[in-house]
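Chemist: Add chains P and B to chain E, keeping to what the hints say.
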Amino acid sequence: MNRLLLCAALVAAPSTLAAEPPTAIVGATILTVSPAGNIEQGTVLIQDGRIVAVGADVKVPAGARVIDGAGRFVMPGIIDAHSHTAIEDNVNECTDSVTAQVRITDVIDQQDVNIYRQLAGGVTAVNVLHGSCNAIGGQNAVLKLRWGVTDPAQLVFAEAPRGIKFALGENPKRANFSAPGPRRYPATRMGVAEVIREAFLEAKAYRREWQEHEKKVKAAGPKGVPPVAPRRDLKLETLVDILDGKVMVHAHSYRSDEIVVLIALAEELGFKVRTFQHVLEGYKVAAEIAKHGAGASTFSDWWAYKLEAHDAIPYNAAVMASKGVNVSLNSDSNELARRLYWEAAKVVRYGSVSEQEALKMITWNPAWQLGVERWVGSIEAGKQADLAVFSAHPFSPDARVELTLVDGVVRFDRAKDTAARNAAPAAGGAK
Amino acid sequence: MKRTFAAVLALFAATAAAQDATLLRGGRVVPVSGPALARADVLIAGGKIAAIGPNLAAPAGATVIDVSGQHVYPGLIDGLTTLGLTEIGSVPGSVDVREAGDVNPHARAWLALHPHSELIPVARAAGITHALSAPAGGLVSGQSALVRLAGGTPAALVVRGPAALHVAWPSGSAGFDIAQMFAEPELKTFDERQKEKKKNQDKALARLAELLARARTYAAAHAASVAGQGPAPELDLALEALAPAARGEMPVVFRADAEDDIRGALAFASQHDLKPIIAGGLEAWRCADALKAADAAVLAPVDRLPRRESDAYDAAYTNVLALHRAGVRFAIVTDDASNSRNLPHHAAMARAFGLPAEVALRAITLAPAEIFGVAGALGSLEVGKSASLFVASGDPMDHRSAVIHVFVDGVPQSLETRHTHLYQQFKDR
Amino acid sequence: MRSALPWLLLALAPAAAASEVIALVGGRVLPVSGPALDKATVVLRDGVIAAVGADVAVPKDARVIDAAGWTLTPGLIDAFSGIGLPARAPAGGGGASASTAPDPLAAEQDALDRIKLADALKARDGGVTTALVVPAEGIAGGRSVLLNLAGETTEALVWRQPAALHLHLSTLRRQYPASLMGTMAWARQALLDARHAQAEWLAYERNPKGRPRPAYDAGALAWQDVLAGRLPLVITCTRLNDIRRALALGEEFGVKVVLAGAAQASEVVDLLKKAGRPLLVTTNYDPPKAPSFGFGGGPDEGTEKAQIEAAEHNPAKLHAAGVPFALVSAHGRDFTAGIRRAIERGLPQDAALRAVTLGAAEALGIADRTGSLEPGKAANLVAWSGQPFAKDTKVKLVFVDGHRHEPEDKPAGPPAEGRPRAGASEEVAR
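Each protein sequence line maps, in turn, to chains E, P and B. Just so it is clear: in the first sequence, position 112 is 112 by our numbering, and no numbers are missing. Just so it is clear: in the second sequence, position 356 is 356 by our numbering, and no numbers are missing. Just so it is clear: in the third sequence, position 179 is 179 by our numbering, and no numbers are missing.
Just chain E, same shape as in the assembly (with noise of 0.2 Å):
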């Protein structure tokens, strides 16, 4: 078993490999947020990258690299599903109702500081989106904050599937904005729904070409003159992506009508949803996301900043959890993401989710949503070692992140941090 997953990490993390001598976090708390619930006095080991041992009575191999976690608490790196950090200009194409041809990959920033601000709020992997200008938007990026890299590839958390963004109610159709120029289609929900259904029958449509065209040239034979392939576009084929379940929909939604009618959509053009994002109203159709099958992504509290907001309540996440639905918290902002750890801790107060389970709305739950689940969401053998660890429970009011783990590398420090700082006056804050 060990042996595969060390082959495992090999594959993956070639640059880690070598002689790296292991890591073991010690005498720490650690909230593994798997079965095995939270070990009191235990020990993370970590090799190649890799979690390869986790609990109270871990044996330390001489050479090891240890790091003291008396007092401490560790918990799995928190995973934001819905961030606009790291990227390069316009978070938006706003142009077209369906711009599904654009990549969050190609203008991912690696030297946003915003990273590295986050690593220092525990995150180590977020899901980073269009925006919500558009019916269909463009396609995302799962990254891991490997703070320091200097190729935005390195940030790219290799083993995430493909995502991307859809959009629903008041911001695709325009509503509370007015652009100059004449109103861009759709202005209204039942436009956002055709847009959506339009783009995907357009879909199929092109789909149905290229399965014409593969059979003409099979019939052509290896001697005959090949025809002429179909234009390829690049939106139609990502949308094809969807359809054939390649691609995961990531669809930013409030109310529960709206959510409802999405599902419906899904069912008849034959996709999934894979999460509903903010989804604030989820709460009262929480029964319908749970028999689609998709996640729900939600704000812990916030409500009232526009009229789909309104019925928004801190209960929601409670609420969709309890009928069965993956739920979880993120921040949508770079300042809300650096202190998930708290939004999760409001849940435990507003409908009294157990705390395994509100810690699990910032690690395992997202990691589901994301499909990424296999390799981290908690600490586990065999599980990447994305790791915070915490100066006091993470929902305590004395939490602050000490060390955040990606990779098994520490990427963020706060005994450097502030060392640094004081080397170099005026850097920040008291001293």
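If you're looking for bench data, these hints aren't it; they were derived computationally from the structure. Note that the Cβ used here is the ideal one computed from N, Cα and C, for glycine as well. Treat the hints with caution; some may be incorrect.
Unchecked claim - Label-pair ranges, simulated between beta-carbon atoms: (1) 35(E) to 429(P): 26 to 32 Å; (2) 184(P) to 260(E): 38 to 44 Å; (3) 334(B) to 246(E): 50 to 56 Å; (4) 252(B) to 243(E): 23 to 29 Å; (5) 231(E) to 184(P): 29 to 35 Å; (6) 221(E) to 210(B): 18 to 24 Å; (7) 237(P) to 183(E): 38 to 44 Å; (8) 305(B) to 246(E): 41 to 47 Å; (9) 246(E) to 194(P): 48 to 54 Å; (10) 302(B) to 335(E): 17 to 23 Å.
Modeler: Same frame as chain E, but now just chains P and B:
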């Protein structure tokens, strides 16, 4: 017990007789003005705190609430909000925060307070009993009121109005305008942009200085005419409203985040004999010395991003710690309305990053009361002060803690909100 | 082959070249291709450099110009410029009107069609003899033209047309693409469409029977030149990662790209060395930008300032790292000032000169015909009153294809002491 209390509460809501007494029995009492009492009673009578101590006798007819194992705190005060002035951010019809034009000293928050706003019970249910409700935007935004978050008319909400005059310190850069996102922009080099910014700023400040001078002249002429020593000046509501601040009788809250802007505001205030308060103050830590010298208080939210890329990641979290160490007066505020309930969480972040817990609590209770001159009645649990307080299951800075009872001026408040109603309606659907 | 080319030029282009013989005598000569020569002579004949050296005999038929006290360098090549093009339209009118502004997405447009001869020739006053003229606007605002700045008509200036196809990694405001990710997607689709159009036409030409006539698409044709390697694709990079984006796009479509702008190139030296692509490095360190909005105390001026300073240090760092590059004006207002700033920031004088002469010629693939003072190359030459690019130095004379141009002595600043006024010491009969 709970059921009895609910019945009592209904009674209170109906009559709210001030002479009715309530005894909170056996809680951990955190007065803020002094050390916490591990187990004590709080007697509420006549809307005020009548007594605090162990084993108080319940007056005849008093409602006794067992709060053992629970914690009693003075009501929280959010020193910068738009509560009562806004309902749904994106719906202009529900928002009364920013008056048209740039100079609105006569925009008075207490004339637009919506006592039945859904936002008020939501904040109150989190233990927030009072808030500064302030207009925003433009150059001179208007006058704020310190309000209690309970009452059926605007007048019933107001504790102190005017509380302060609010000025948006001109930063010189253009405010956000969605139209600009679509217009072909005018392209300028860095130096050109800097020069333009300075020019805009100077222009706005010259205008402000002139307004203040005219307000003083206007007030003097008005006083003279009242004394029969001259003709009455031509009526000017803006100058009339501006005069108290111009004469240093009312504090001026300058909204400023950047170091240069804060220093600029302090210098301007000194030059024109104003009583400055800084709102926002993201870089207050960079000029704590100047703030101390000017004896200017700061109203600072904590959960913010640092202003500069080169700043330490926790620069906003440790901002108030630097002020605390320098002896600068400050209150922790949300600068929000719908999220005002998160006030204690701002304090918690400052605490997690080094601010002593008792200072953090003070920064959301007694400190804002002092800054707005209402500490005689609010901000701490002291005999004779308003019985505006709440009972919680734990430390309010702990996000897991629940608020169990809220009193405003001795009147128990329902903890039901739009949110609990919707929760009840849908939780079992 | 290499040596044959100059001869070809001579044979093919007599109309453009000056037929007189000129000898510049006694100046300090910086040939760039070799060491500096003091008190040397340069002979120009029929628009071509005939001789360069300290011991060169002055031909009998030569007009002699006393260059004592002057520095002679090759003509400057601005390998990415807006020379002769109307200024970009500012907001609220003025400059290029909407009707003359190019389509932001039509790669088949030609900068040549919009060049004003008189405006173009003005560039000679700064010592520029050769320029790649690139449309500034849009994403793909058209093809550039390479000009040598001597001639009576715009066409007479042309050295290579079209010279390159251009992709700016920028965005549009009210039409697609209005985001950087949109620009990347648009470029990809443009290249795919070009491939597709080519396949359709090929199939049609092979067997037109039974097929409808394929659509004519001028844009697709322009991009096909790039796909076929007939025309270089120059990608303008304003952000660090634009360099990676440009290289990745080139790799995806098998296109060799030239990188322009690249103010952050010195941060990715290894990548550039590996890619080995020509690099046109901007001296427009602080290009005018749209104002940003005042959130949270306004824009982070420290970051902006640092970016400008980093751009100013970029040429010196690239040089120190051994990356070859051309320095270009990139539509900046003052090319000479930009070059001077690079020198002030540590770029050695000779490296700066090379970057705007031979280095630029190499980047454009024209080093066989210009870029240095060598016999056989085009008679493009600048006579400076002193050290080239220095603040007080003036351009005394410019030769393009052997045609003499004397910049007007602008009474802008007070004349430096001890320097002769223009025209005081020029022609001496021998």
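Chemist: All hints, please: hold or fail.
Modeler: Structure-based check of all given hints:
1. 35(E) to 429(P): 26 to 32 Å: 31 Å, holds
2. 184(P) to 260(E): 38 to 44 Å: 42 Å, holds
3. 334(B) to 246(E): 50 to 56 Å: 52 Å, holds
4. 252(B) to 243(E): 23 to 29 Å: 24 Å, holds
5. 231(E) to 184(P): 29 to 35 Å: Taking Cβ atoms as reference, residue 231(E) and residue 184(P) lie about 32 Å apart, which means the hint holds.
6. 221(E) to 210(B): 18 to 24 Å: At 19 Å between Cβs, range holds.
7. 237(P) to 183(E): 38 to 44 Å: 40 Å, holds
8. 305(B) to 246(E): 41 to 47 Å: 45 Å, holds
9. 246(E) to 194(P): 48 to 54 Å: With a Cβ separation near 49 Å, residue 246(E) and residue 194(P) satisfy 48 to 54 Å, so the hint holds.
10. 302(B) to 335(E): 17 to 23 Å: 20 Å, holds
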